[in-house]
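Trainee: So the sequence lines, in the order shown, correspond to chains A and B.
Under the working numbering, the final residue of the first sequence carries the number 446; numbering is consecutive throughout.
Under the working numbering, the final residue of the second sequence carries the number 185; numbering is consecutive throughout.
Worth double-checking, as some hints may not be accurate.
[Said to hold, decoys possible] If you want a taste of the chain B side facing chain A, the calculated C-beta under 10 Å gives, among others:
(1) E26
(2) K133
(3) T149
(4) L153
[Stated by the list, open to error] From chain B, some residues computed to sit far from chain A (all C-beta separations above 12 Å):
(5) N109
(6) N125
(7) G171
Derived from the structure by calculation, the hints contain no laboratory data.
Beta carbons are placed, not taken as given, at the ideal position from N, Cα and C, and that holds for glycine.
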Amino acid sequence: MKRGFALLETIIVITFVAVSLLMLYGTFTNMIEKKERSLMYDDVSHIYELYYLKEYLLLGGIDDSSSIKKLTCDDFNYSSCSILFKEFSILELYLVPYGYEVDTNYSFYSYYQTLSNDEEYDYLLVARFLIEDRDNYASIGVNIHE
Amino acid sequence: MNKRGFTIIELLISILLLSIVLLLLLKVMASLEVVNHDMSYASDDEISRTKIIKNIEESMIHNHLNGLFIESNEEKTIIHLQMDNNKTIEVTNKAIIFDNEKYQLKSKNATYDRCIKYQYVDLENNYYLVTFTIPVLIDNKNTTIHDDLTFTYMGLKNDTTSYMKDYSC
Numbered sequence: 301m302k303r304g305f306a307l308l309e310t311i312i313v314i315t316f317v318a319v320s321l322l323m324l325y326g327t328f329t330n331m332i333e334k335k336e337r338s339l340m341y342d343d344v345s346h347i348y349e350l351y352y353l354k355e356y357l358l359l360g361g362i363d364d365s366s367s368i369k370k371l372t373c374d375d376f377n378y379s380s381c382s383i384l385f386k387e388f389s390i391l392e393l394y395l396v397p398y399g400y401e402v403d404t405n406y407s408f409y410s411y412y413q414t415l416s417n418d419e420e421y422d423y424l425l426v427a428r429f430l431i432e433d434r435d436n437y438a439s440i441g442v443n444i445h446e
Numbered sequence: 017m018n019k020r021g022f023t024i025i026e027l028l029i030s031i032l033l034l035s036i037v038l039l040l041l042l043k044v045m046a047s048l049e050v051v052n053h054d055m056s057y058a059s060d061d062e063i064s065r066t067k068i069i070k071n072i073e074e075s076m077i078h079n080h081l082n083g084l085f086i087e088s089n090e091e092k093t094i095i096h097l098q099m100d101n102n103k104t105i106e107v108t109n110k111a112i113i114f115d116n117e118k119y120q121l122k123s124k125n126a127t128y129d130r131c132i133k134y135q136y137v138d139l140e141n142n143y144y145l146v147t148f149t150i151p152v153l154i155d156n157k158n159t160t161i162h163d164d165l166t167f168t169y170m171g172l173k174n175d176t177t178s179y180m181k182d183y184s185c
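Turn these sequences into a full structure, and let the hints guide you.
Mentor: In structure tokens, the structure reads:
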């Protein structure tokens with residue numbers, strides 16, 4: 301008559317518990333990543349910074365383009381552009397035609413997938429900010445045919 | 017084989033395996049705790065923060081901000097916004113009052129830092145950039161800048177433009 305667990309039984313139970321906990325770990329990790337990501341996207345302060353940058357950009361005019369364009373300070377007609385990039389902690393700035401299919405080569409691919417296409421613009425101004433060593437993203441619609 | 021219970025070897029192996037499993041669990045809990053500590057303000061007061069920033073930014077844009085002055089006393093810090101329709105932002109440790117509306121912090125350990133960070137930069141062609149930040153402290157520490165309230169304004173100077181060139185508290 302068996303009076304207690306055998307080693308084999310114990311190992312089976314522990315394996316079962318370990319697998320369950322590993323599944324839980326996976327779920328929690330996903331939840332944490334999603335939560336962190338949601339805090340890194342479209343922060344309201346970044347949206348207003350982009351608004352001012354857009355106004356500044358439009359002062360110099362934008363050339364029409366049918367593909368994604370990475371904007372640098374050479375595209376702005378003002379030398380203060382570099383000050384704005386530095387003050388706003390902007391690393392990269394892109395002008396993306398409305399509805400454009402962005403591929404995985406772009407740093408903002410994951411962020412772009414979360415955007416809805418409810419509102420129509422000529423372009424989307426997408427910025428990558430570096431805040432506390434983490435990439436943050438925000439975007440704003442741009443109309444140049446008004 | 018003796019089926020009457022654990023031998024010492026079996027017990028040791030069981031404890032070892034259980035320890036590994038519990039260490040994994042501890043790792044999950046630790047990562048959850050870090051995220052919760054850093055983001056606790058952001059999650060509890062996220063909507064409130066967005067609302068404050070939006071209301072103040074919209075007001076500065078629509079009323080054409082043209083000057084800014086900060087004064088501080090023992091109870092509160094007051095930011096005077098010189099605009100078409102002059103307004104003030106009052107900052108106390110637990111609330112911000114703007115446009116007759118009071119925005120209170122919900123997070124238990126969070127407070128507003130009345131020591132406001134302010135910066136004024138002249139740009140070319142008479143443009144200027146003003147940024148000011150109201151830091152949010154968790155247990156009296158500014159754990160992350162993600163929950164701070166940062167306001168930006170870029171404008172064109174005229175004869176009545178009047179900004180503090182710098183400010184320190």
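Trainee: Each hint: holds or not?
Mentor: Results for each hint:
1. E26: Holds - the Cβ of B/E26 comes within 10 Å of chain A, reaching about 4 Å at its closest.
2. K133: violated (12 Å)
3. T149: It holds, given that the least Cβ distance between B/T149 and chain A is near 9 Å, below 10 Å.
4. L153: Constraint on B/L153 not satisfied, violated at 16 Å.
5. N109: holds (21 Å)
6. N125: holds (18 Å)
7. G171: violated (9 Å)
Figure legend: structure checked against the earlier numbered hints; hints not met, in rising order: 2, 4, 7.
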